[in-house]
Amino acid sequence: MKRVALAMFAAVALQTAAQEQPWDFAQLMAQLAQVQASKARYSEVKRLAVLREPLRFSGTLSYARPAWIEKHQALPFKEVIRVDGELLSLEREGKTRSVALQGVPLIAALVESLRATLAGDGAELERLYAVKLEGTRQRWTLKLVPRDFEVAGVVKSIGIAGSGSRVARIEILEPGGDSSVMTIHHES
Amino acid sequence: MRHYPRAALLAWFALVAASAWWTTRHAVFTNDLTAFLPASSGRAERLLVEQLRAGVASRTLLVAIEGGEPAQLARSSRELARSLAADRRFEYVTNGAAEYTRPARELTFGNRYLLSPAVNAERFSEESLRQALRENLEQIGSFAGLAFKATLARDPTGELMRIAEGAAQAAPASRHGVWFSADGKRALLLAQTAASGIDAVRQQDTLDAVALAFVGARAAPGQSLLASGPGVFAARTRAAIRQDSQWLTGIASVLVVLILAFVYRSPGAVALSALPVLTGLLVGVAAVSLVFGSVHGITLAFGITLIGEAVDYPSYVFTQRRSGESMLEVLGRVWPTLRLAALTTVFGSLTLLLSSLQGLSQLGVLSMVGVLVAGLVTRWVLPAVAPGRSAPPPRRLPFSLVRAGFAVRRAAWVFWVLLAAALALVVSRHDRIWDDDLAHLSPLPESVRDLDGQLRADLRAPNVRYLLMASATSREAALAGSERVALSLQDWMGEGVLEGFDLAARYLPSAQTQERRRAALPEPETLRRSLAKAQQGLPYRADAFAPFQKDLEGARRGPLLALEDLRGTGLDLKVQSLLLSRDGEWQALIPLRGVRDAARLESLAQRLPADLHTILLDLKSESDRLIGGYRAQTLAFAGAGAFAIAVLLYVGLRDVRRALWVMLPVYAAIAMTVACFVVLGSGLSLFHLVSLLLVLGVGLNYALFFNQAEAGTQSERETSLALTVCFLTTFAAFGCLATSRVPVLSAIGLTVSIGCALSLVNAMVLGQVSARGRRVA
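Residue numbers (numbering that gives the first Met the number 0), protein chains in the order written: chain A, 0 to 187; chain B, 0 to 776.
Hint data in this document are derived by calculation from the structure and do not stem from the laboratory. Just so you know, not all the hints are guaranteed correct.
[Said to hold, decoys possible] Cut-off 30 Å, straight-line C-alpha distance, at most; resulting in silico cross-link-like pairs (DSSO-like, lysine-lysine):
id	chain 1	residue 1	chain 2	residue 2
1	B	Lys148	A	Lys131
2	A	Lys94	B	Lys148
3	B	Lys184	A	Lys45
4	A	Lys155	B	Lys148
5	B	Lys148	A	Lys77
6	B	Lys148	A	Lys142
7	A	Lys38	A	Lys155
8	A	Lys45	B	Lys148
9	B	Lys532	A	Lys45
10	A	Lys77	B	Lys532
Given these sequences and hints, build the entire structure.
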């Protein structure tokens, strides 16, 4: 009898403990902050009102903590976008153009949605966006709505979906109905 | 003879009343620099100087907030801009934030088919459209696509981008949505004041408004406000000169009054000392306005310095009064020398009258009339009002300058060595003595000008040095002419002669150009067909570019862009500052940026078609030339004045040798003073030169009085006292001025105090009296 009582007590206690640790934004951020570096292929589909059919792009996406991102597009033409701290550089047709992110707040806000997510920088994300987390640890979706008026003029919302500490899909919706979906193919 | 004092007083009163009446009723005081422009300068240069001083450009206020985090600086910048925009003292305010740039952006976008230099018939052909659409497809995929896509359906040929290319080079850096310096340390704002840039009083009021708004913006601790621009210069100049001259004049006056009170032992005599010079100044100003219609501010400032000599006249009389003597009796002895002293200055200024520069001839009239009147007042009015015979005689000094001069005469060889050294120095450095940089004439410290240069660089505002001006008889013709010049400039940029330029026609093209662009826009049916063919094989929806077709048709049927349409966008101010007009003549200004090859630029500019009436101005060398010309002329007239003085002294003293010995100490003192400045490494400006004219006047008086004194007699003691008092009062007054932080004031003060001290010492050492004194002794 005593054993049964003990087992029941243990079960209740465990259950309570599990309830005390629900899946939340802070946990997701903490988990993402563990990732030191990552590299994966991606494919991107852009749907535009002016186009009959979507445009497809693909390449590799690399990240190193805390603020280094490289989007290396291979198809249909080569283009490399690199963020290194405050510096954004664009390499196309052999020419590289660099710009300080502080000088272009609109682009900075968009870059931050990705960088802060990958780095698990929750404070920065919440500064720029109204953040809502849905789903479970295995299958989560982060919905970002821009707080800044100017950013909101270009982007309606950004949906980032993932599993554990991996980002699997980034969907950008624009006010005019245009959209872009990037799917990230992790190798393992 | 008994009635003479009353007659003199009546005449004096009538003269003062008439001058005061004329001055208050008719005298116009101007700060117009054109009075000082050499006559050889063309109308265009005059117009430009006028506009730079009082036109739209002069009303530009550069504001910066520095200290602390960029995000906080941006917040303060927004707050400040908002409160300034609501203030009627500002016509236009911007900090680069969207709310301020939106009107200009929308206007530009709405009129892109009239504004874009790329618009021509070929631009909308099937071939060009297909090319543009294909490029757009790549752009969408690229990172830049997000911002660019918003206008894709309306502007597939990218006219907005094409217009922005021209303007982008002129835009400041931006952080957190507002303008910043490139290093992110300063948030920047630009304001257009309602007050003219030369209206120092209203500009000060405007600056106070900015400071108040900054406090109201609840700036974070550690943030500070910086402001610059022509209006700030005007207000600061006024404040600096006023503060320093008030403060220093106060100290100088107290010192002078103390010296005089100590020596005269009579308050009446002290008070009367100011009478001749004040009367001279008043009548002089009235005379200038009578002759020229207006009095220039610089004339007034220089004139006051020049007639400063007249302060000494009553001193020469009061100090030489013997116990129980009446003023008339003193004058009976002193007047011949004093008359000569005053006349030398009058003759010296006579030559200035002949100057072709109105400013200089004004100066001549003021100092001539001023000194003459001061001399007459000393001679005729002072005796009528001065204390009578019973007044105590002036104090005696325990030393005698004349005797001291006699003592140091043994060391006269030192003087000759120093004079030779000074002359050698001046001759060997004669090409480096002058400083004709207009900036150095500014009463503002260098840090203020550095800040202006920095803020201008931060804001990418043109720091105008090289300027092309195209003149015409109407605004349209000026715009059209400048567009043709711009075509050549594009080629020169390609050659690397310069980096860029600004142009009114960029914001408001000439009607002719706008019409040509409008005529190049295709009919709707033609466009529809070309577009449909261009889209073949591309993934665009058939109706994707309906907004483009609609906009283009709107532009084809719409009106041309007029200056009135630019109002409220900030672009109107830009256009107005680059288009000047007066008396039916129009000038399009084209400020050039990053000129790398000035010589090549000059030869290219000379080859521009003659019908464009284009001139290339190098404002720096233009202003140097202006000041250099002014200085050269002053120097030439000073030389002629010296000759006139020599003739006068010969006539007055009836002896060539004595005349030479009176002049030698002064000219030696001037050479030594110049040598002092050469050694100190500071070039001589106009202010030094005018101060040296005062030294000449004062120094001649010293030498003349030394000359008439006889050693061992009562006149020796009196002369000694007179010179001591005159020198101490001059030295006290100008010594105070020399300590000023305002470069101009300290230059005048330093020159006069050094020059007068050297004049006195030289006169002592070389004084004729010592030669005779030896005979007596």
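Quickly compare the C-alpha distance for lysine 94(A) and lysine 148(B) to 30 Å and report which way the hint goes.
Holds, because 22 Å separates the two Cα atoms, which is no more than 30 Å.
Is the hinted pair lysine 532(B) and lysine 45(A) satisfied, with a Cα-Cα distance of at most 30 Å?
At roughly 25 Å apart (the allowed maximum being 30 Å), lysine 45(A) and lysine 532(B) satisfy the hint.
Is lysine 148(B) within 30 Å of lysine 142(A), Cα to Cα?
23 Å, holds
Compare the distance between the alpha carbons of lysine 38(A) and lysine 155(A) with 30 Å, and conclude whether the hinted pair is satisfied.
Holds - the C-alpha atoms of lysine 155(A) and lysine 38(A) are around 28 Å apart, at most 30 Å.
Is it true that the CA of lysine 148(B) sits at most 30 Å from the CA of lysine 77(A)?
20 Å, holds
Hinted pair lysine 184(B) and lysine 45(A), Cα distance within 30 Å:
39 Å, violated
Satisfaction of hint between lysine 131(A) and lysine 148(B), Cα-Cα up to 30 Å:
Holds, at roughly 28 Å.
Does lysine 77(A) pair with lysine 532(B) here, judged by a C-alpha cut-off of 30 Å?
Since the Cα atoms of lysine 77(A) and lysine 532(B) sit roughly 29 Å apart, the hinted pair holds (cutoff 30 Å).
Quickly compare the C-alpha distance for lysine 155(A) and lysine 148(B) to 30 Å and report which way the hint goes.
With Cα atoms ~15 Å apart, lysine 155(A) and lysine 148(B) stay inside 30 Å; holds.
Given the proposed pairing of lysine 45(A) with lysine 148(B), does the C-alpha separation stay at or below 30 Å?
12 Å, holds
Taken one by one, the earlier hints fail for this structure only at number 3.
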